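Sequential numbering of the sequence shown, starting at -3, is according to our numbering.
Bear in mind the hints are in silico, worked out from the structure with no lab data behind them.
The structure displayed is predicted, hence computed values, not measured ones.
Misleading hints may appear alongside valid ones.
As the list claims (entries may be wrong) - Straight-line alpha carbon distances no greater than 25 Å define the calculated SDA-like cross-link-like pairs of lysine to any residue that follow:
(1) K139 / T84
(2) K139 / A175
(3) K107 / V202
(4) K184 / R254
(5) K139 / R12
(6) K184 / T108
(7) K107 / D121
(8) K184 / L210
(9) K45 / Q116
(10) K6 / P324
(11) K43 / A77
(12) K184 / S214
(13) K107 / A77
(14) K139 / K184
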Amino acid sequence: MTGNFQDLLKSFGSQRIAVVGDVMLDRYWMGDASRISPEAPVPIVLKQKTVCYPGGAGNVAVNLAALGASVMLFGVLGEDAAAAELRTALAEGGVSSEDLFADRGRLTTVKTRVIAGRQQITRIDEEDTHALPRDLEFAMLEKLRARLRFSDCVLVSDYAKGLISPSFAAALLPIAREAGVPVIVDPKGSDVLTYRGATVIKPNRVELSMLTGLPVRSHPDALAACDRLQSLLPGVVVLLTEGAEGMTLYLPNREHVRLPTRALEVFDVTGAGDTALAVTGLAIACGAGFWAAAVLANCAAGVVVGEFGCGKVTVERLRAALAHAEIPAAPSAPVGA
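Model the full assembly from the supplied sequences, consistent with the hints where possible.
What follows is the structure, given as structure tokens:
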């Protein structure tokens, strides 16, 4: 690991990061399955325990907190029992819920996974995905306007649950630009102009295909789609996550770098994208170039996919992962953050 990476990791604890996006509760019903139901050809799971973690933008926030950053989390919850569970889970992860808004007209998003041994049997979702009421949207944007000048980076975690609507994003991105802070977006949906003004956009292959309208079945397909995305969003840096194939950093000058996966074992991909978003934004907030941020994000994602649930990475674990990583060469003419 080079001295530059060591310096970046030492700087993580002094950064202030704003996370804006869809917060949710990831609930796990865990037990054993040794019988098949006589009612249908499905396993009977004898539930032994329930565990809950913050998901979505909440998972991004707790990853940032685990890395030592100060976090402001902006999102919307319902007024229900799940909201109380989520606030408790956030507090346990070192994240305040003071910037979360309550909407009595919606459910708190909950994803309940039924786990038998090490196998996910099914997932049950509870959610409302309508856009925020106009008064609530206005109130959140005004709070963001007041708070973003105290942040070093904005991370937008869009899970298409209603917060990051075109109207909300059209107001948020200029607020961030006025505050002089970079914006890193994890996108969802096909309206590419929603993300106009972002510094970095971090899609996976499915999301890249939705944004560009192009098929993305292979790495050459992905490069063509990245080129299309940059023509639609001039100047944006694309950090493409490609599952077992790692990541690709695609720069505005059309130069790209592939970063192979670092995972020793893939057990649970839940939350790996959230971890990558957190580390990308934190590195850029520290002044890292896009290549260095991508290297760190790729190493961090490789750590958490080997674990159960929404994993978190610490500075110590990231330092250990970097010590064993084969770091690809930087672009010949890198574009800095």
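Hint check:
1. K139 / T84: This hinted pair holds, its Cα atoms lying about 23 Å apart.
2. K139 / A175: Measuring from Cα to Cα gives roughly 13 Å; hence the hint holds.
3. K107 / V202: holds (21 Å)
4. K184 / R254: holds (23 Å)
5. K139 / R12: Distance ~16 Å between K139 and R12 Cα, so the pair holds.
6. K184 / T108: The hint holds at about 21 Å.
7. K107 / D121: holds (5 Å)
8. K184 / L210: holds (15 Å)
9. K45 / Q116: holds (15 Å)
10. K6 / P324: Cα-Cα ~22 Å, so holds.
11. K43 / A77: holds (21 Å)
12. K184 / S214: Roughly 20 Å between the alpha carbons, so the hint for K184 and S214 holds.
13. K107 / A77: Holds. K107 to A77 sits at ~14 Å (cutoff 25 Å).
14. K139 / K184: holds (24 Å)
The structure agrees with every numbered hint stated previously.
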